[in-house]
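As you go down the protein sequences, you meet chains A and B in turn. Its first residue numbered 1, the first sequence is counted upward by one per residue in our numbering. Its first residue numbered 1001, the second sequence is counted upward by one per residue in our numbering.
Simulated from the structure, these hints should not be mistaken for lab results. Heads up, a few of these hints could be off.
Claimed, not checked - Facing chain A, a subset of chain B residues (Cβ under 8 Å, in silico):
1) Pro1008
2) Pro1018
3) Gly1042
4) Gly1063
5) Phe1090
6) Gln1103
7) Phe1105
8) Asp1107
9) Gly1108
10) Leu1114
Said to hold, decoys possible - Here are the simulated BS3-like pairs of lysine-lysine, each with C-alpha atoms no more than 30 Å apart in a straight line:
11) B:Lys1070 <-> A:Lys96
12) A:Lys26 <-> B:Lys1057
13) A:Lys104 <-> B:Lys1053
14) B:Lys1057 <-> A:Lys101
15) B:Lys1011 <-> A:Lys96
16) B:Lys1053 <-> A:Lys96
17) B:Lys1057 <-> A:Lys96
18) A:Lys104 <-> B:Lys1070
Bear in mind the structure is a predicted one, so any value in this text is a computation, not a measurement. Backbone N, C-alpha and C define an ideal beta-carbon position, used for all residues, glycine too.
Below, each chain spelled out in residue letters.
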Amino acid sequence: SQQGEEDPQALSIQEGENATMNCSYKTSINNLQWYRQNSGRGLVHLILIRSNEREKHSGRLRVTLDTSKKSSSLLITASRAADTASYFCATGGSEKLVFGKGTKLTVNP
Amino acid sequence: DAGITQSPRHKVTETGTPVTLRCHQTENHRYMYWYRQDPGHGLRLIHYSYGVKDTDKGEVSDGYSVSRSKTEDFLLTLESATSSQTSVYFCAISDTGQGTQPQHFGDGTRLSIL
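So here's chain A without its partners, still in its complex pose (with noise of 0.2 Å):
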């Protein structure tokens, strides 16, 4: 069973523009990760953010996670065409670590 379940499932923006991606969970948890995959590639981890922390940020990235919402969103700012992939949220408990479906992120130069 998913965990974690993207919003939206696909998303088509320009070059420069910024790209916002949810991410929706149902139970508690320890953390929340991001993960980028590139067509054809493996997954590549991001960013973690705990469960006691709200912000975070690397680069071009920033992740907010609301646990009273069980919410999280991925927020690239300035995006490239370099940016184009799939990005999935990954739920992190006492277990396992649990995928959502993905966001399919096209920027368009």
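Starting from the structure of chain A, add chain B where the hints point.
Frame of chain A; chain B shown alone:
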């Protein structure tokens, strides 16, 4: 990039044949995982290992077995492949327990069962 190698990268085989996929790591991480990725289902855990000879089932373990005789190698076996096992298989590793730290992924094995 984490040192994870999956082999083979592509395989086509027939229903009923045995198939073994290999994951090799050079990071000396304790935990290793096998996932399958299918359209509409995302990434699902098949089996994982928390040490040499220590393995446990994931969400979709039926029809699969695993073995880990060395820290660096984790094998996934389909004893008698079925068409429903056509998928892309990913190996991942992590230093500590399942959900508490990032996982690092190999580039996958695309398996087609005809």
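Q) Out of the numbered hints, which ones does the structure contradict? A) 1, 2, 4, 10, 13 and 18
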